[in-house]
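Protein sequence lines correspond, in order, to chains Y and V. Taking our numbering, the leading residue of the first sequence gets 1, the next gets one more, and so forth. Taking our numbering, the leading residue of the second sequence gets 1, the next gets one more, and so forth.
Calculated directly from the structure, the hints in this document are not laboratory data. These numbers come from a predicted model, not from an experiment. Treat the hints with care, since some could be wrong.
[Stated by the list, open to error] Now the stretches of chain Y that chain V is said to cover, found in silico as 3 or more residues with beta-carbon under 8 Å: (1) 14-28; (2) 261-273; (3) 474-483; (4) 635-649; (5) 663-673.
Idealized CB from N, CA, C, for every residue including glycine.
As a plain string of letters, each chain reads:
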Amino acid sequence: MSILGNKVHRIEDPRLLTTGGTYIADLQLDNALVMHFVCSDIAHARIKHVDVTAATKVPGIVGAFTANDIRLPPMVPTLPLINKDMKRPHLAHEVVRFVGEPVVCIVGESPETCEDASELVAIDYDPLPVLVDPEQALSSNTVIHEVAGTNLVLEIGAHPDPSFFDGCEVVVKQRMLNQRLAPCPLETRGAAAYREGGRLIFHVSTQAPHAVKEILKGMLGLPDDQVRVIASDVGGGFGSKATVYPEELLVAWMAIHFDRPVRWVESRSESMVGLGHGRGQIQQVSIGGNKDGKIIAYALEIVQDAGAYPAIGSFLPQLTHMMAPGTYAIERTAFWAASVTTNTVPVVAYRGAGRPEAAAAIERAVDMFAHEIGMDPAEVRRRNFIDPSSFPYTSSVGTTYDSGNYEEALDKVLEIGGYRALREEQARRRVRSSRLQLGIGLSTYVEITNGLPSSEFGAVEVLPDGSVLVRAGTSPHGQGHHTAFAMIASEVLGVPLDSIKVITGDTDIVPRGVGTFGSRSLQTGGVAVEMASVKVVEQAKELAANLLEADPADVLLGRGGFHVAGAPAVKFSLKEIASLQAQRGERLLAEVDFRPDGPTFPFGAHLAVVEVDVETGKVVLKAFFAVDDAGRILNPLLAEGQVHGGIAQGVAQALFEEMVYDESGNPLTSTLAEYPFPSAVELPSFVLAETETPSPVNPLGVKGIGESGTIGSTPAVQNAVVDALAHLGVRHLDMPMTPERLWSVLRYS
Amino acid sequence: MRVSVKVNGRLYENEVEGRTLLVHYLRGVLGLTGTNIGCDTSSCGACTVLMDGESVKSCTVLAVQADGAEITTIEGMAQPDGSLHPIQKAFWDNHGLQCGYCTPGMVMATASLLKENPHPSEEEVRMGLEGNLCRCTGYHNIVKSVLAAAATMDGQTEAVRS
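Bound-form chain Y, shown alone:
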């Protein structure tokens, strides 16, 4: 029986459950120094003077560094389209551009000493005008990067021309805010570095250790064999740790400078304004169609908040563009986006990264259109879905979706959610003018995974003792790669899971790798492991055929080993073959770099049921139903876990979370006491179902599932809350839909 498709418990868990894992703060380092940053507490200013003299005199302090002491060339944005003049120095140089930007790096014997010393650093600032609102930054005379001469990071597409909606009986327009969020992985950023035999060993909490290695090599001018990067346990990332941060790189610089181990782990309050934020789009959404429910034209215009230094966040409108029309066969779609610098924390990738923004816009727009023409939102969706027979389908923005069946997913979610009964209950409460009104929200999403297609490394080796070593280039931070990859190798090699060891995240052992982001790991790294496993079997079969004096075509891998078809008595096991190879000084090993033909397009339908207290504005998420299709599912336990976590983060955006700045650029939600990260109390259990539409672009037929939950759930919940109040005249509410926001709307409706 195949192991694939089964709920296999994670091989990672016993260690995590008994030892608590080994994160950056847990590494045993002898004689290690500690790093601490003095960060800007002002959003935009010229640095007049920095005095670290008193700090350096504190016993236990070994150094206090400013940009002038480091003398590293600034980090240049690497992604395409981004204005290359908007460079980021490792420590603020001459100008500070956001609250939380590191200005001074203090190095000492203990965290307490460093904190004491940081109190003695004096920084004189000459304040500059602050830009917090990206729309204002777009037209402001204040420029955050003087060399660039503009706040515009990049611009794509074009505004719709005046005739764009000609021929539409109904056009609905709405400005929407896709607010800034803090990713909040439970482990904050951290890194540790030391020299070993002259080499630099660098531990970092990252989603992409090989990318870190390349940047370190360039920054320090070290040859490839002199740097080893290790990501052991990583306590969450959600996209935010796919970016390499200057603070982390300085740990390596300090370890070399002092020739001692150095560690840096930021506090949560530092992380809230140091780790990149997510989302941050202002959207102008316009949708046009006919009263029969047919959508004809759709326009999405975006101002993307890039934060102070352009990172991947400023590039993400590109993904929003690719997914703008969603699951619908819309004749024409117009798209324009501008990414703009502001005096805030740089915006990076956060779970979904550009696609939740696309789904939120189109799914809200479809609901508003449905309301305008007086049609059930499920029916409007049904009338506009891309036909399942038309895949691969190229959308009106030119994106080619691999496979899909959107109506099937919608039908299923309506069925498991009891849609008709919910509508009846809603009608009863409206008639009764109940204080607790029911809201029912739908979203039918499609998203893009492995959206920036790249290759991934996988290696499989049968060792002479019969055990199997799998090495994978994509390094996890909670997803369960080790279990998934071991299952794949087990399936192909016929070796039990407990004889398989998986290694990730160590650049000495895994020669190449891209990383874990964009829900790409299974469809790239997983496939590479599968292909390497198949290659190993082929190699072993050739060797077995020699031993059996048979044609390889006649040799089969059966229970216990390779044998000639029809003659299972004489056989050679993988272990025997590996051990014979070892005696010859050879290895039974295959390495594969797999690059899929294209991205994959998971999809699904989500249904949220909310109760809104019309007197207080309080929203309670009563039930959540999700049908997700990520192609073939190798381990439902892992896939469901990804969906659960994704839904929670999506719900959190809809109802609770927003990273708030005041007009002076002061962050107002910079601790977990102020930032409303939801607990178990705010969420229900979720009801999941799935459909399975395999992808044709990889041999496993798999798609990514890491971000689907987030992408589908946010608009479902948002639509549900608006739906609860639709009979009171409410047409749209921006997120987060807090009691305060609802109450102020309800008071006037």
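Please arrange chain V on chain Y, whose structure you already have, making use of the hints.
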């Protein structure tokens, strides 16, 4: 200041500064790094341990306050032969952890919760874990794990080994 604390069944005596938090004592002095630190406002619960059988956020307790107390951390939950505590087993069986960072705190909070209320409803589990944040699981499988652990431990008189 001198403290004498029994941690996971073993007695430790150390000199600590008055300002040393219990979590820093456990991690830094005793080297028990299974207890994680996730915030600096006592919001996240990652550092939850048992103090005399009751869950505490070890970032809100001074090491000197633990003088004379018995502390249990994640390292003390499994049997000496390595067999998992029913709560650990339930988290494993129900995929109650992903990145693992909140897990030690969740497991310890669960131990305390089930000691107080051996047969909690789903709502009671959610209320009981309100002080422990998880970013990965959406709490769905954590709640499932706690309910499963309650069912397994049903009939056992003592939820937690001391």
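Hint by hint, here is what the structure shows:
{"no.": "1", "hint": "14-28", "verdict": "holds (count 12)"}
{"no.": "2", "hint": "261-273", "verdict": "holds (count 3)"}
{"no.": "3", "hint": "474-483", "verdict": "holds (count 4)"}
{"no.": "4", "hint": "635-649", "verdict": "holds (count 10)"}
{"no.": "5", "hint": "663-673", "verdict": "holds (count 3)"}
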